[in-house]
Structures are given as structure tokens and as C-alpha cells.
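Undergrad: Sequence:
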Amino acid sequence: MKRRRTERKWGKKRVLIGILVLLSAGIAVWSIGGLAPVSKRGHKINTWSTVRGEKEIQRCITETNMDRQKTSDQHYGAKGFYYQKLTAAEQDMYYALWQGVKEELAYIELPTSDGELAAKVYEYLLYDRPELFWCDGTSKMTIYETTLQFYPGYHCTGEQKKEREAQIQTASKACLDAFAQGMTEYEQIRYIFDYLVKTVEYDSKAPDNQNIYSALVNKKSVCAGYARAAQYLLQQAGMECIYVVGDIVGQGAHAWNIVNCEGKYYQMDATFGDPVFLAEEENMSVPQEIVNYDYLCCTDEVIIQTHRADESMGYPVCSSDDLHYYRMEGMYYETFDAEEIRSKMRESFYLGETSFTCKFSDHALYLEACSTLIGEVLPAVCAEIAEYHGVSSVRYTYVEDEDMNKIMVFWEL
Numbered sequence: 006m007k008r009r010r011t012e013r014k015w016g017k018k019r020v021l022i023g024i025l026v027l028l029s030a031g032i033a034v035w036s037i038g039g040l041a042p043v044s045k046r047g048h049k050i051n052t053w054s055t056v057r058g059e060k061e062i063q064r065c066i067t068e069t070n071m072d073r074q075k076t077s078d079q080h081y082g083a084k085g086f087y088y089q090k091l092t093a094a095e096q097d098m099y100y101a102l103w104q105g106v107k108e109e110l111a112y113i114e115l116p117t118s119d120g121e122l123a124a125k126v127y128e129y130l131l132y133d134r135p136e137l138f139w140c141d142g143t144s145k146m147t148i149y150e151t152t153l154q155f156y157p158g159y160h161c162t163g164e165q166k167k168e169r170e171a172q173i174q175t176a177s178k179a180c181l182d183a184f185a186q187g188m189t190e191y192e193q194i195r196y197i198f199d200y201l202v203k204t205v206e207y208d209s210k211a212p213d214n215q216n217i218y219s220a221l222v223n224k225k226s227v228c229a230g231y232a233r234a235a236q237y238l239l240q241q242a243g244m245e246c247i248y249v250v251g252d253i254v255g256q257g258a259h260a261w262n263i264v265n266c267e268g269k270y271y272q273m274d275a276t277f278g279d280p281v282f283l284a285e286e287e288n289m290s291v292p293q294e295i296v297n298y299d300y301l302c303c304t305d306e307v308i309i310q311t312h313r314a315d316e317s318m319g320y321p322v323c324s325s326d327d328l329h330y331y332r333m334e335g336m337y338y339e340t341f342d343a344e345e346i347r348s349k350m351r352e353s354f355y356l357g358e359t360s361f362t363c364k365f366s367d368h369a370l371y372l373e374a375c376s377t378l379i380g381e382v383l384p385a386v387c388a389e390i391a392e393y394h395g396v397s398s399v400r401y402t403y404v405e406d407e408d409m410n411k412i413m414v415f416w417e418l
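Add 5 to a position in the sequence shown, counting from 1, and you land on the number used in the numbering used here.
In short, the hints are calculated from the structure, not lab data. Mixed in with the good hints, there may be bad ones.
Dumping the calculated BS3-like pairs for lysine-lysine here, alpha-carbon to alpha-carbon at most 27 Å [as the list claims (entries may be wrong)]:
(1) Lys-145 to Lys-166
(2) Lys-178 to Lys-167
(3) Lys-166 to Lys-125
(4) Lys-166 to Lys-107
Please build the complete structure, drawing on both the sequences and the hints.
TA: Structure follows, in C-alpha cells:
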């Protein structure tokens, strides 16, 4: 599997390498930093005088066929989180813009002279509809007394758009066809999370990095590409998935998702599922296929440690932790039992697993467990393994993740 690269920073962590009981430890930085910002939409507004000159008017939708379009696509509006935040008049503009960009019109005439409103409605459309990959998010407007002409920017049109659309459909079908029969919604969400983490490389210089083409076809993207690809795949699987806009604390703009699983909402950030270590620089041996599940189906309380959503959007509350990965996999501890963890740690090695993780319910419990696990339990387990196999050393790397109250051990098998 290819080595995944990142430029992101992520929390306070201590990464150390150990050999058997004599812990030859070195401190390294676990870096997942520099999230490429979600691009800010460019909206250029040209204000004209009150009298419109003779022009060819390219209308996107007439009032009659707009009603027909809305009737045939009722499911579309019902599933659009941002669409539902608009007034009836704004929803009409939303549909006009949607139909216009689908037809790749040079401009769409809207029944408003409010450029900021038109820009907001267009932004909401793109947040709801990840399949509009050919739209680059920019626009220009010519404003009249009671109407405006909205000129959307396009990455591609015509045959190039059709070709890319076919490539996206092929890639998404390959992903979704791998679903096992009888998978629960949670298992499907986890599968798509894993798929994106393991197949997409974080690259701030990737072309088309604000849309799904970059992630699903080119396999290189930034947070917007990850989030829109997750949204697209989950929508294709019939599940509600919201594109969330906000910031990473101290770093800048970021995008992630909120998913609806069995009627409950959960936070999800596939971008942060890829914990790339500075393996080459620090001579650490950490499995490249490892996935960080802290941000899979987590709560607001967990994600707010690093993420800040745009509060004006009124996103659904995510308060349930019943599907959090570590709880689901028996790695979550609400009490500290050194012998229980020692037994599971030893078992993970003999089962050929590449890593062992234990996550604690709060920071006080983590601090209580940390010194004992690192200073006593881990060296003792390594000594047992070495004796059993008749070797002089067992190599491993461990990470103390203070932000997430988690300890991870990576075995060199």
C-alpha cells in the first residue's frame, strides 16, 4: 500500500520507540498539520444602471417548468440540509441555479437584485450537491433593478465533463459494490470512512481538490474533497450525510461531515482518519495502513476539541457515543484494570494484529492508567513475548495521545 502524506498538525502526542524492557525512547512529533483551507467562494458583482440594454436573455427555468422540476425532484429538496434552511423564494432560486448548472448555462437569470443572497443560495446548493463537481464555486453577477444574471464558474464542460462523470460513476460503483450483504448502516459508514482514508492521499496541491473528482478518481485531495466524497458515497448508499463547514482550532478553514445513522446524528471527519507519522524522518516503524477512528461517528463533545463548526448553520446535535469505534470494538475503558489490559495487549500480539489501542472515558482515568501501562504493563508484556519466542528483543512504537485519552502500541511483527 502506498505511503500517505500529510501536512496537518494534530494535538499533543508523545511518540516513542521501545525495545523490550529497556525503553530506548525518543520523542517525535506526530504531525497531521496544515489543512488546506476550504476555498472561499469568489463572487464578483458588477452593478449596472436601472435600465437594461438589449441583450439575449438565457433563462434557466421558466415559472411553469420550475414547478414541474420541483415536483419531479421532491426527494431532492427533502434531503438537502441547506435547502431546508431557505425561504420558499430562495428555494426557487436554488432550483433555478441547480437546473442551470446541470445544463452548463453561461448565466442564469434570477428574480432578485440581492447579489449576496444569490451567492449564499449558490453556496448552499454546492454544499448539498457533491455531484456538481464541474462547478468551481466561483461566480460573477450582473445586477439590474429587480433581477440579476448569475455567471457560475466551471472546471469543465461538455465532453470533458461527461468523461469525468463516467469516471466518478465507475469509481463510486466499485466502492459501493464491495458492500457485504446485510451490512448495517454503521458498517457501511465505517466502510466508506476506511475506503477514503486508505485510498486518498492528502495533497494541498492536488488539482480539483475542492470536489469529488480529486478524491474518487485522482486519489489526491484536501479536506473538501474527502468530505464531499464521503457525502456523495453515503448519499449514493441512501443515507443522509451533511457537508459541514468550519475551522480547525488555530489552523483555519476546514470541512467534514455529519452522518445520520439509524435516526441519530454523528460527527465524522475522514481527513483526520489518516494519522501519518514522520516514520522516515524519525526512523519509526508504524504501519502505513493504520486508521485513526477518533472521528468516526463521534460526538460534538469529542470533535469540538479540535473543530469549530459554523454556528450560524444550526447543524444537528450529535450527542450519542453508542457507535464510537473504540466502544464498538471493546477498546473503551471506563475503569482501569491493569491485568485486563495486559491480557488484551498480549492477545493482540499473538493474533498478529499490527497495533493495540486502549481509550479511556476521561482524562483523569487516562492519566491514572498511563504511567502504569507504559512503565510496567508494556515492558512486562514484551518480556513475556521475548521469552516465549526465545529472542532478545521485541520492537514496538507507542503513542500517548493526551487529547483523545488514548494509548496506542504498534508492534513490529
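Undergrad: If a hint holds in the structure, say so; if it doesn't, say that too.
TA: Structure-based check of each hint:
1. Lys-145 to Lys-166: Status holds; Cα separation ~21 Å.
2. Lys-178 to Lys-167: 16 Å, holds
3. Lys-166 to Lys-125: Between Lys-166 and Lys-125 the Cα gap is close to 25 Å, so the pair holds against 27 Å.
4. Lys-166 to Lys-107: 11 Å, holds
When each numbered hint is compared with the structure, no violation occurs for any of them.
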